[in-house]
Amino acid sequence: MAENVELQTSGNMWKVLVEVGQKVSQGDELFIMEVMKMEIPHAAPCDGTVTEVNVNDGDEGLDAGMVAVVIDG
Amino acid sequence: MIEVIKPGLETSVQDYPGRLGYWNQGFPPSGPMDSWSFRLANLLVGNDVGAAGLECQYIGPTLKFNEATVIAVTGADMQAKIDGELVPLWESIAVAAGQVLEMSFAKVGVRGYIAIAGGIATEPWLNSRSTFHKAGVGGMEGHAIKAEQVIPVAAPTTTAVAGRKVIEAARPVFSVDKSWQVEVCRGPNDDWIDEAGHQRFINAEWKLSSKSDRTGFRLEGPEWTFTDKAHNKGPEHGSDPSNIIDQGYPIGAINLGGQTPIILMNDGPSMGGFINPYTVPSIAFWKLGQAKPAEILHFMVISVAEAQAIRQQINELCSEKSIVESR
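So the sequences go chain by chain: E and X.
Going left to right, the first sequence walks through residues 1 to 73 as the working numbering numbers them.
Going left to right, the second sequence walks through residues 1 to 327 as the working numbering numbers them.
Honestly, the hints are just simulated from the structure, not real lab data.
Don't take each hint at face value.
Unchecked claim - Label pairs and their calculated CB-CB ranges:
no.	chain 1	residue 1	chain 2	residue 2	range
1	X	A147	E	E19	31 to 37 Å
2	E	G21	X	E195	54 to 60 Å
3	X	G258	E	G65	35 to 41 Å
By construction, the Cβ of each residue, glycine as well, lies at the ideal position given by its N, Cα and C atoms.
Please work from the sequences and hints to get the whole structure.
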């Protein structure tokens with residue numbers, strides 16, 4: 001089943017840590033956002049394979065709720 | 001009392017107008033960045049406009065109320081739910097003992113406010129309950145709230161009523177097109193910037209950096225150019241055109257360090273050695289408090305008298321005249 005990982009906050013993308021095809025385990029960090037000088041890591045909600053990455057390092061002005069990564073678990 | 005289940009991104013206790021009177025000793029006022037929404041939340045639950053409440057930033061908290069009370073949520077829409085049911089913003093809500101308020105990411109605006117009947121009753125420090133994170137004073141142990149903390153609430157002096165609403169015309173209107181018109185007053189160091197520099201500042205689109213917090217809002221935009229005063233000055237001022245011999249800073253100063261302007265906000269520094277060509281008056285702080293990273297700020301120069309007149313209008317909107325009882 002595909003799991004959508006949505007942005008938990010508006011802000012900028014600091015670092016994307018996964019790519020399409022990569023296997024991830026639940027709790028692995030997928031990407032880190034930056035807002036208010038703070039890093040906001042987003043972790044994999046399940047084990048699986050990354051099938052979509054819709055964000056890039058340095059993306060600015062992203063809206064909360066956007067589907068950033070899709071994992072096929 | 002309120003139990004913190006999830007703290008949110010950086011949720012803190014604030015009161016209005018904050019810790020005034022200690023700027024000369026380096027303590028900023030702190031207080032809510034959008035004091036318009038904050039004051040209205042307090043009015044809804046029957047508190048004084050300045051009573052201590054919670055400022056939620058970007059991601060709201062999850063809180064459990066141990067006693068029946070009345071609360072209000074204003075400001076950014078953080079999709080507040082009580083026991084899983086969405087609740088309205090800008091309206092007082094009855095909460096039963098044991099119910100849970102859950103907030104998530106902000107959809108419109110970025111700072112939400114929670115007022116509780118009676119107000120938060122943490123120990124004041126220098127006459128204010130506002131949290132000043134940098135010094136670790138005020139609020140809950142000087143910092144943002146943490147999971148498992150218990151937030152004390154005072155007994156209300158009047159009976160709080162559910163179903164009180166802020167009339168539409170009295171609510172701040174948040175930008176939905178990612179751009180904000182922000183008022184500024186010239187000075188105190190406007191004579192250090194040349195005419196071309198002033199024109200560029202007023203006509204430019206300034207992008208709000210994600211490296212912005214309650215201390216300062218960093219802006220990205222065009223280059224600044226300076227008058228002779230900035231270039232031909234005594235060595236004690238420092239070598240960069242933006243350097244000046246150390247001076248006091250106004251709250252809201254647009255502080256120019258090299259070529260990077262930083263608006264000094266509620267938790268900002270009281271002095272330093274950079275020029276402040278413009279100052280954002282307090283009437284526009286709510287806009288900055290609700291703007292998201294990468295949104296665009298356009299600056300509009302007004303006089304101090306105009307800023308004071310608008311301040312009076314906002315104060316009048318933050319009064320009982322703006323509240324209706326719906327049931």
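| field | Hint check against the structure, violated hint numbers in rising order | value | Of the numbered hints given earlier, the structure breaks none, since each of them holds.
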